[in-house]
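Enquirer: In the order they appear, the protein sequences are chains X and Z.
So for the first sequence, our numbering puts the first residue at 1; every next one is plus one.
So for the second sequence, our numbering puts the first residue at 1; every next one is plus one.
A portion of the hints provided could be inaccurate.
The calculated lysine-lysine pairs, modelled on PhoX-like cross-linking and capped at a C-alpha distance of 20 Å, are [as the list claims (entries may be wrong)]:
#1 K102(X) / K14(Z)
#2 K102(X) / K55(Z)
#3 K20(Z) / K102(X)
Going by beta-carbon spacing under 10 Å, a handful of chain X positions derived as facing chain Z [said to hold, decoys possible]:
#4 Q42
#5 Q45
#6 L51
#7 T55
#8 G59
#9 K69
#10 Q104
Note that these hints are calculated values from the structure, not bench results.
Owing to the predicted nature of the structure, the values given are computational and were not obtained by experimental measurement.
Cβ atoms here follow ideal geometry from the backbone N, Cα and C, with glycine treated the same way.
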Amino acid sequence: AQSVTQLDSQVPVFEEAPVELRCNYSSSVSVYLFWYVQYPNQGLQLLLKYLSGSTLVKGINGFEAEFNKSQTSFHLRKPSVHISDTAEYFCAVSETTDSWGKLQFGAGTQVVVTP
Amino acid sequence: GAVVSQHPSWVICKSGTSVKIECRSLDFQATTMFWYRQFPKQSLMLMATSNEGSKATYEQGVEKDKFLINHASLTLSTLTVTSAHPEDSSFYICSATKAGEITDTQYFGPGTRLTVL
């Protein structure tokens, strides 16, 4: 079974500053990795995903993440945040051997962007 | 696109009644649909996985007789909370994977907030 750890429960950041959200995972098999964003009272929107190939993945809204297999990490970054980036961010993994693609989510990181 | 809708978006019911929540894939056929539950300020907990035409597979600790899932077609899955009680109040979110898509990316609905009085 896999597990996901998001190291920060809340990250305050000033507008136009960079932000990094940390995610570590553990699994006995290879995994796919995802970052989702959730705005208040809404479902989840896919930001980006790592399936294979280049370890640097670019997503929507200027976000990117880097897969580091040796450190079992998949940290999310954005060089300059906007007020509209205030939301909850979830890291998730699914094992490549799972035929249904079941996701295991981290606990989430609340990003609060202030002027 | 890959749009998933849920209906209703918000429902309030009395204790002891049953509530049905619909999850639809609007522009694709869904091989598999998932139902999650999310408590305030917490992560999503997978409740069950369903495939069209077959019985749902429930996660450990989820009562299958209380949370009835019907996946009647490739675009519709329903979750019925039977004899709802206040502790069932939560945010229920469904997701779906596209038929024919290799990557198993899940596309999420907007969620349904259930309040049981």
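Enquirer: It remains to establish, for every hint, whether it holds in the given structure.
Expert: Hint-by-hint comparison with the structure:
Taking the CA atoms of K102(X) and K14(Z), the gap is about 33 Å. The hint is violated against a cut of 20 Å. For the suggested pair K102(X) and K55(Z), the alpha carbons sit about 16 Å apart, so the restraint of at most 20 Å is met. Our distance criterion of 20 Å between C-alpha atoms is broken by K20(Z) and K102(X), whose separation comes to about 23 Å. The closest approach between the C-beta of Q42(X) and any C-beta of chain Z is roughly 5 Å, which is under the 10 Å cut-off, so the hint is satisfied.
Annotation: Q45(X) was flagged as interfacial toward chain Z, and the flag holds, the nearest CB pair being 7 Å apart, inside 10 Å. Hint status for L51(X): holds, given a least beta-carbon distance of 5 Å to chain Z, under 10 Å. Given hint, T55(X) at the interface with chain Z, is violated; its Cβ is 17 Å from that chain's nearest Cβ, farther than 10 Å. Against a cut-off of 10 Å between C-beta atoms, the interface hint on G59(X) is violated, since the closest Cβ of chain Z lies about 12 Å away.
Interface hint status for K69(X): violated, as the beta-carbon distance to the closest one in chain Z is roughly 18 Å, over 10 Å. A cut of 10 Å between beta carbons decides the hint on Q104(X): the least distance to chain Z is about 8 Å, and the hint holds.
When the structure is compared with the earlier hints, violations turn up for hints 1, 3, 7, 8 and 9 and for no others.
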